[in-house]
Structure formats: C-alpha cells, structure tokens
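Peer 1: Please put together the full structure from these sequences, using the hints given.
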Amino acid sequence: MITIADLKSSLYDQCLFSEFPSSIRVNNMEEGEENKVEYVTLTSEGTFINIDNNILKKSKDIYSIKDGNVSFRKDCDGICLLHRGERKFIIFTEVKSGFANMEKKAYFQLITSYVRCKSFLSVLDAYSPSEYEEVAIAISYPNVQEQISNNGQHQESRQSVISKYAPLRNRYRRQILDKSYVDMNMSDFEIDKLHLKSGLINDHLHLIHIPIQSELKSASIDLDKILL
Numbered sequence: 156m157i158t159i160a161d162l163k164s165s166l167y168d169q170c171l172f173s174e175f176p177s178s179i180r181v182n183n184m185e186e187g188e189e190n191k192v193e194y195v196t197l198t199s200e201g202t203f204i205n206i207d208n209n210i211l212k213k214s215k216d217i218y219s220i221k222d223g224n225v226s227f228r229k230d231c232d233g234i235c236l237l238h239r240g241e242r243k244f245i246i247f248t249e250v251k252s253g254f255a256n257m258e259k260k261a262y263f264q265l266i267t268s269y270v271r272c273k274s275f276l277s278v279l280d281a282y283s284p285s286e287y288e289e290v291a292i293a294i295s296y297p298n299v300q301e302q303i304s305n306n307g308q309h310q311e312s313r314q315s316v317i318s319k320y321a322p323l324r325n326r327y328r329r330q331i332l333d334k335s336y337v338d339m340n341m342s343d344f345e346i347d348k349l350h351l352k353s354g355l356i357n358d359h360l361h362l363i364h365i366p367i368q369s370e371l372k373s374a375s376i377d378l379d380k381i382l383l
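Going by the working numbering, the sequence shown wraps up at 383, each residue one higher than the last.
Bear in mind the hints are in silico, worked out from the structure with no lab data behind them.
Yeah, the Cβ is synthetic: ideal placement off N, Cα and C, and Gly gets one too.
Errors might be hidden in some of the hints.
What the hints assert, rightly or not - Restraint-style ranges between C-beta atoms, simulated for each label pair:
#	residue 1	residue 2	range
1	R180	S369	33 to 41 Å
2	E370	K348	27 to 35 Å
3	R242	K334	18 to 26 Å
4	G354	T196	14 to 22 Å
5	D216	D379	34 to 42 Å
6	D379	S353	31 to 39 Å
To be verified - Simulated pairs of lysine-lysine, DSSO-like, Cα-Cα distance not exceeding 27 Å:
#	residue 1	residue 2
7	K260	K221
8	K243	K191
9	K273	K372
10	K259	K215
11	K213	K229
12	K273	K243
13	K372	K229
Peer 2: If you want it as structure tokens, here you go:
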C-alpha cells in the first residue's frame with residue numbers, strides 16, 4: 156500500500172501529494188463553460204491521498220497525440236487514492252456540466268490519464284497494482300435530450316458520425332443510460348497498439364457516471380454509497 160510518506164519521499168515533487176481524511180474536492184478544469192458544475196466534493200469514511208494532476212499537465216509535451224480524440228496530452232480533473240478499511244482504490248475523476256460534453260470528451264481524458272498515471276506509479280516499490288481497485292468517475296448534469304433513432308443509434312452531428320469513435324460513443328451511451336456504468340476497454344481506444352509493458356494496465360477501466368441535479372454549481376458525493 157502506498158502511504159503519503161512513500162509519495163513525499165519518492166522521486167516526485169512532494170508538493171504533488173496531499174492527504175485528506177473524509178473528503179476531497181475536485182474542480183472542473185474545463186475553460187470557457189458557462190453555467191457549469193464548478194466542483195464536486197467526494198466523501199468517504201476512508202482517507203484520500205490526492206495526486207495533483209500537475210503531474211500530468213507539466214509532463215504533457217513528451218506524449219503523443221494519436222488523433223483528435225485520443226491525445227496523451229489530455230488529463231482528467233482529479234486523481235486520488237482512497238484507503239477505506241481493507242479496500243483500496245485509485246480513482247480518476249472528470250467533472251463536466253453537460254451529458255453531451257461528458258460523452259464527447261470524458262472517456263478519452265480518463266483513459267489517457269489512467270495510462271499515464273499507471274506509468275508514474277509503476278516505478279514506486281510501495282505500489283502493488285493488485286492491491287487497488289481501479290475506478291473512473293464521470294460527473295455531469297443528467298441527460299435531458301435523449302434522441303435515439305429507430306435502430307437505437309444516437310443522433311449525433313455529422314462531424315461526430317463520421318468519426319471512427321461514433322459507434323463507441325453510441326455503445327457506451329446506451330450502457331450508461333441503462334446501468335449508469337460501463338467498462339471502457341483499452342482496445343476500444345487502441346491502447347493495445349502502444350507497445351506498453353505487459354501488466355502495466357488492465358484490459359478495461361470501470362467507469363461510473365454520476366448525474367447531479369441540473370444547475371447546481373457544486374455537489375457532494377458519498378463514495379461509500381457508490382463503491383460498494
């Protein structure tokens with residue numbers, strides 16, 4: 156198990172890590188949005204260790220842009236460890252205002268942040284991947300304009316439809332609207348073609364979508380009710 160002491164005495168700048176009992180705040184870093192969710196507070200009976208996303212932002216220029224969607228220069232809003240009793244989690248969080256914006260961008264930001272963060276953690280002797288459950292959380296206002304055609308396909312803009320990721324968005328969208336979660340497969344984003352070291356990442360990342368009341372500027376989310 157990684158402790159705050161392990162992280163602060165590692166090769167990384169100790170300013171990137173902080174510990175919070177019971178709650179942690181995740182800010183919406185999207186610029187140019189109006190009427191947006193500004194931040195969410197994640198709560199738990201456990202202890203959070205925040206990994207500042209500057210660990211991703213300040214190293215972004217060495218990474219590739221695979222295409223307009225899968226760019227390893229993108230990052231998510233929040234990364235943290237949660238130690239709760241016998242269970243340990245690594246959580247990747249993305250806050251969006253609109254559901255459409257969530258499905259347009261969040262999948263890609265979460266996947267690329269996951270891959271990069273795992274590579275950072277892999278050099279630490281205290282990090283044992285098998286100890287941690289890996290979870291992505293996307294938070295947004297609920298979907299209010301569901302438009303499904305007769306064959307069950309979401310009616311997207313022409314630009315989105317011609318994208319090779321349109322079928323992926325449709326498939327993920329249906330699962331999220333039905334179950335509020337989806338397992339994002341690495342192969343869906345062609346991560347399996349990156350020549351990564353075997354065992355560095357899992358084959359999928361479990362994504363939970365949490366809708367919050369429209370027009371709220373902030374929200375509190377009890378992870379102990381989500382991560383059962």
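Peer 1: Output the indices of the hints that this structure fails to meet, ascending.
Peer 2: Numbers 1, 2, 4, 8, 9 - these are the hints that the structure violates, sorted from lowest upward.
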